[in-house]
Amino acid sequence: MKMKKILLLTASLMAIWSCERDTETLGPNLSELYGEFSVLEPFVASRSSVNFGVGESVLFSGRFSKPVNWEIHIVGQSSGSEKVITGMSKLVDETNAAWTGTTTHLPMFKEEVCTAFITVPSEGFSDTLSGISIDSTKFDEGFVMADFESGVNPGWTVFAQSGADMSFGIVPGDSAAQGNNFWDMGGEVSFDYLIGLIDFPASAYGSATFPLDENANNVYFNVMLGKPEGITNEIILFQFREDENGDGIFQEATEDMYSLELKGISSDWENITIKYGDLQALINGAPADPAGNGIREPHKLLQVSMLFLADPSSGYSRSYMDYLIFTENGPLEP
Amino acid sequence: MKKYLQIPLLLVFVLTGMESAFAQDKKIWVSGAARGVMYGDDYKSTSENDTTTARKLQSGHAMVDLGVNIQPNKNLLIQGMVRVRNDYGGFWGSGVTFDVRQLYIKGIIGDFLKYQLGDINYKLSPYTFNNGGSLVNKYAGEITSVPLQQIEYDLFYTADQTWRQQGAAIDFALEFSSFIEEMEFNAFTTRVRPSNFDTQDDRLYSGGSVVLVQSKNLKVGAQYVNLYDFKGTSNNTTYLKNPVATGSIELGHDINDSRISLGLEAGQSTMEWEGSATAPVLKDFFYDVTLKWVAPKPGLSIAAGYREVGPNFRSAGSQTMRINYQRAPQAYQRYGNDQQLRAMSLLDLSRDASLYQTQIVAGLMEYDPRYDNANPYGIATPNRRGVNAKVDYMDPRGRWEVSADGDFSTQVVGEGTDLLTGYTTGSVMAKLNIAPMMGWENRILSLSGRVGQQASSRSGGEVFENIDLSTSFTAFNLEATIVGSFDVIGEYRTWKTDGFTLVENRNSYSQIVDFTEYKINYSEDIAGAGVRYTFSEKTAIRLMWQTFAWKDEAQTTLPYTIDTWNLFFTMRF
Numbered sequence: 001m002k003m004k005k006i007l008l009l010t011a012s013l014m015a016i017w018s019c020e021r022d023t024e025t026l027g028p029n030l031s032e033l034y035g036e037f038s039v040l041e042p043f044v045a046s047r048s049s050v051n052f053g054v055g056e057s058v059l060f061s062g063r064f065s066k067p068v069n070w071e072i073h074i075v076g077q078s079s080g081s082e083k084v085i086t087g088m089s090k091l092v093d094e095t096n097a098a099w100t101g102t103t104t105h106l107p108m109f110k111e112e113v114c115t116a117f118i119t120v121p122s123e124g125f126s127d128t129l130s131g132i133s134i135d136s137t138k139f140d141e142g143f144v145m146a147d148f149e150s151g152v153n154p155g156w157t158v159f160a161q162s163g164a165d166m167s168f169g170i171v172p173g174d175s176a177a178q179g180n181n182f183w184d185m186g187g188e189v190s191f192d193y194l195i196g197l198i199d200f201p202a203s204a205y206g207s208a209t210f211p212l213d214e215n216a217n218n219v220y221f222n223v224m225l226g227k228p229e230g231i232t233n234e235i236i237l238f239q240f241r242e243d244e245n246g247d248g249i250f251q252e253a254t255e256d257m258y259s260l261e262l263k264g265i266s267s268d269w270e271n272i273t274i275k276y277g278d279l280q281a282l283i284n285g286a287p288a289d290p291a292g293n294g295i296r297e298p299h300k301l302l303q304v305s306m307l308f309l310a311d312p313s314s315g316y317s318r319s320y321m322d323y324l325i326f327t328e329n330g331p332l333e334p
Numbered sequence: 001m002k003k004y005l006q007i008p009l010l011l012v013f014v015l016t017g018m019e020s021a022f023a024q025d026k027k028i029w030v031s032g033a034a035r036g037v038m039y040g041d042d043y044k045s046t047s048e049n050d051t052t053t054a055r056k057l058q059s060g061h062a063m064v065d066l067g068v069n070i071q072p073n074k075n076l077l078i079q080g081m082v083r084v085r086n087d088y089g090g091f092w093g094s095g096v097t098f099d100v101r102q103l104y105i106k107g108i109i110g111d112f113l114k115y116q117l118g119d120i121n122y123k124l125s126p127y128t129f130n131n132g133g134s135l136v137n138k139y140a141g142e143i144t145s146v147p148l149q150q151i152e153y154d155l156f157y158t159a160d161q162t163w164r165q166q167g168a169a170i171d172f173a174l175e176f177s178s179f180i181e182e183m184e185f186n187a188f189t190t191r192v193r194p195s196n197f198d199t200q201d202d203r204l205y206s207g208g209s210v211v212l213v214q215s216k217n218l219k220v221g222a223q224y225v226n227l228y229d230f231k232g233t234s235n236n237t238t239y240l241k242n243p244v245a246t247g248s249i250e251l252g253h254d255i256n257d258s259r260i261s262l263g264l265e266a267g268q269s270t271m272e273w274e275g276s277a278t279a280p281v282l283k284d285f286f287y288d289v290t291l292k293w294v295a296p297k298p299g300l301s302i303a304a305g306y307r308e309v310g311p312n313f314r315s316a317g318s319q320t321m322r323i324n325y326q327r328a329p330q331a332y333q334r335y336g337n338d339q340q341l342r343a344m345s346l347l348d349l350s351r352d353a354s355l356y357q358t359q360i361v362a363g364l365m366e367y368d369p370r371y372d373n374a375n376p377y378g379i380a381t382p383n384r385r386g387v388n389a390k391v392d393y394m395d396p397r398g399r400w401e402v403s404a405d406g407d408f409s410t411q412v413v414g415e416g417t418d419l420l421t422g423y424t425t426g427s428v429m430a431k432l433n434i435a436p437m438m439g440w441e442n443r444i445l446s447l448s449g450r451v452g453q454q455a456s457s458r459s460g461g462e463v464f465e466n467i468d469l470s471t472s473f474t475a476f477n478l479e480a481t482i483v484g485s486f487d488v489i490g491e492y493r494t495w496k497t498d499g500f501t502l503v504e505n506r507n508s509y510s511q512i513v514d515f516t517e518y519k520i521n522y523s524e525d526i527a528g529a530g531v532r533y534t535f536s537e538k539t540a541i542r543l544m545w546q547t548f549a550w551k552d553e554a555q556t557t558l559p560y561t562i563d564t565w566n567l568f569f570t571m572r573f
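Sequence order for the protein chains is A and B. When you number the first sequence by my numbering, it's gap-free, plus one each residue, and the end is 334. When you number the second sequence by my numbering, it's gap-free, plus one each residue, and the end is 573.
Certain hints may be false.
[Unchecked claim] Stretch-level coverage of chain B by chain A, calculated; a stretch enters the list once three of its residues show a Cβ under 8 Å from a Cβ in chain A:
#	region
1	353-363
2	381-394
3	534-548
[Unchecked claim] Computed far set for chain A versus chain B, every beta-carbon distance over 12 Å:
#	residue
4	20
5	28
6	32
[What the hints assert, rightly or not] Here are the computed distance ranges between Cβ atoms for each label pair:
#	chain 1	residue 1	chain 2	residue 2	range
7	B	89	A	88	23 to 31 Å
8	B	235	A	59	57 to 65 Å
9	B	235	A	295	50 to 58 Å
10	B	194	A	40	28 to 36 Å
11	A	150	B	198	56 to 64 Å
12	A	40	B	503	24 to 32 Å
Rather than coming from a laboratory, the hints here were simulated on the basis of the structure. Idealized CB from N, CA, C, for every residue including glycine.
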């Protein structure tokens, strides 16, 4: 019996000691959480000049001794455009720090020289790279309705009231949201809400209707807007008229017109995007039933109108507009 | 069962544990308990940042548990117990509560199979299903143990460390004529959490054991428990499974008047979330060997053991802590001019039932390092390996006794570093029974004291890897008979923790995802005295006074004192 007990115990102990387990440390590495911060690999860019228009990108890289919250800022030296890339890691590489020419803060980048710097705010660290040259800006997929770079399209209808201090036309300047020109609209009209308007008919682009996808949830209207500091009374109204019966004429009583009314826009350039399917029919700014079939049909869009309005009792008003573009599958990434 | 009955070795089925329930001659009788409690607290603070906390609080209640036991025949017992409680200040029903405290049916089928339905108290082995106590309450003395015992009674914490469950249990045993004396079978299933019919399934806890008793010198057992979500009881698509399987051996040998025994338990656990692509599968094992020598004649007992519990060992039934450290005390819950949450203390732990856990939970609960940083989840604390020892000696004439225990362990794998944290816990106790020394019969005069220490340390690497946390505690008690059944009782306890450690932050899968820096330098102490009149073995009344002091050298909490008068009448029937 004694021998049986010994054998039983020995077998049990051998079975236990033959077990193995994973011996990796548990939890996050303390040296990464509490260790001293240092730069193991310096901040560098993959190229000094980039041609975004053909799909090139700039890849930033660097390595720290522990995971930190870092920010990369790329600033255009002439446009003032700024791209911000953020991350929380110890490694900065192509998976988290690739720049394809997009902008975080408008205006959009131009063909210019940029400065890039990385900061780690918690550690008080920063490093700067200068002389990244943009040879060509990125190409935006979509239908550009107006970027004001080639003057006024003769097919557009432009109307401005006879008010005081009127400005309603293209203005050249580095401060354009995209390219070198933008639309400036301002004035004081004491007898009407309307200060000025532009009609953008499809015929101005050589087609009966705008060349857009028929799925309203797949089409996005984008426009960049800004205004001077201190202006608070601006109303910008976009109207989208559809030719439902294909006769080349918009019938107000029987066909759909959808609208986008914007107030209180930012004084800095801002990219406004709306999905075509989210457009509403408005009467005096209030939602209403569309006059036609009530189906949002971007491929039947006949004309887009932009009306710059202000309460006549509110005095002078002014706003800027640039880069009106329809995109598909998602909003514009400026 | 019929198959088993055909085994030639089998002689009889044996019933155990039901005798007390069926020992009554009457068909209906009443059992239960009663108590009356009064507290009068006087809060004091010298801090200039604490001028708004209410100074005095009065509370108390009278309560009776009435259990009606119905035994319609010799094989069936039904008990329903109702609690009637009246908090002081209630009148004509206002403040009076009626609750069903427990309800069960138990009986015997076919003269061999015992069953119980409803409320059941259950336990298996220390690593599968066991309601172990906490270090901070382990050495409660004559004053603080009185309210603590009421909490334990209210929450069904029993001396044999069972968990109160609701479900069903069966057990039976087979007795053999040769080779094997007996085989004991137990099985249970309980519901620990109900479905909400939306995102949360019924959570069940089931298991059982088989123990083979070859003789008093050899027992071999197998235990199995599983905490699991019952599919289909809600719209949930992720199902927890936490099975634990263990085997155990007990070997014994008599040497003259003493007995030496060796106990071994080993097993493994798995914790997984079926249906989740992101959840981990936690698997690990443990083993525990203990050698014990008991010599009743000189009154000496020595035990030494070694255990290793893997970092991913998860056993809900044994790792659920009694104290829920995420809760805050009810009395003076917010204090100071900034109304900060008051941390629980020795005083709260002795009298506030809301700080305690009533149901087992999956994973690992949060713990407070000041009350036990070494083994917060008891013997089944994961990621520990080391030795432990205990020596007890009692004078054969009962005049004095001494005891010493120690637990020395390290982590199995490092947390956030390759370095391992080491843990040491130890205490020594001495008790002097003066009455038998003086030859005073039917009188009590005893003095006892315990001094203990716990240390956690890790060093040798970078500064941020260092851990140095130490806790010291003392407990001194006095019991003395004045006249007849009239005694005086006294207690003095201290608890002090000082140092620094990193506390694990765990995700919902109980994996470590971060650490919190924990720096403390505080102390608390209770001094109390009182008188006790014992009507009978089950009935006594005590009038006690305690003064409790909280001091914080690190000044992260406000210092304060609470003086409290307590009147306790307790009765069992």
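Now for the hints, and whether the structure bears them out:
Counting residues of the region 353-363 of chain B whose CB lies closer than 8 Å to any CB of chain A gives 0, so the stated coverage by that chain is violated, three being the minimum. Check result for the region 381-394 of chain B against chain A: violated, 1 residues qualifying (beta carbon to beta carbon below 8 Å, three or more required). Requiring three or more residues with a Cβ within less than 8 Å of a Cβ of chain A, the coverage given for the region 534-548 of chain B is violated, as only 0 such residues are present. The non-interface label for residue 20 of chain A is inconsistent with chain B: the shortest C-beta to C-beta separation is roughly 9 Å, within 12 Å.
Once the 12 Å rule is applied to beta carbons, residue 28 of chain A is inconsistent with being away from chain B; the minimum gap is 6 Å. Distance check for residue 32 of chain A against chain B: the nearest CB is about 9 Å away, which does not clear 12 Å, and the non-interface claim fails. Our hint of 23 to 31 Å for residue 89 of chain B and residue 88 of chain A is violated, since their Cβ atoms are close to 55 Å apart. The hinted range of 57 to 65 Å is not satisfied by residue 235 of chain B and residue 59 of chain A, whose Cβ atoms lie roughly 45 Å apart.
Checking the proposed 50 to 58 Å range against residue 235 of chain B and residue 295 of chain A shows it is violated: the Cβ atoms sit about 36 Å from each other. A C-beta distance of roughly 53 Å is found between residue 194 of chain B and residue 40 of chain A, which places it outside the suggested range of 28 to 36 Å. Between residue 150 of chain A and residue 198 of chain B the beta carbons are some 60 Å apart, a value that agrees with the proposed interval 56 to 64 Å. As the Cβ distance of residue 40 of chain A to residue 503 of chain B is approximately 30 Å, the hint placing it in 24 to 32 Å holds.
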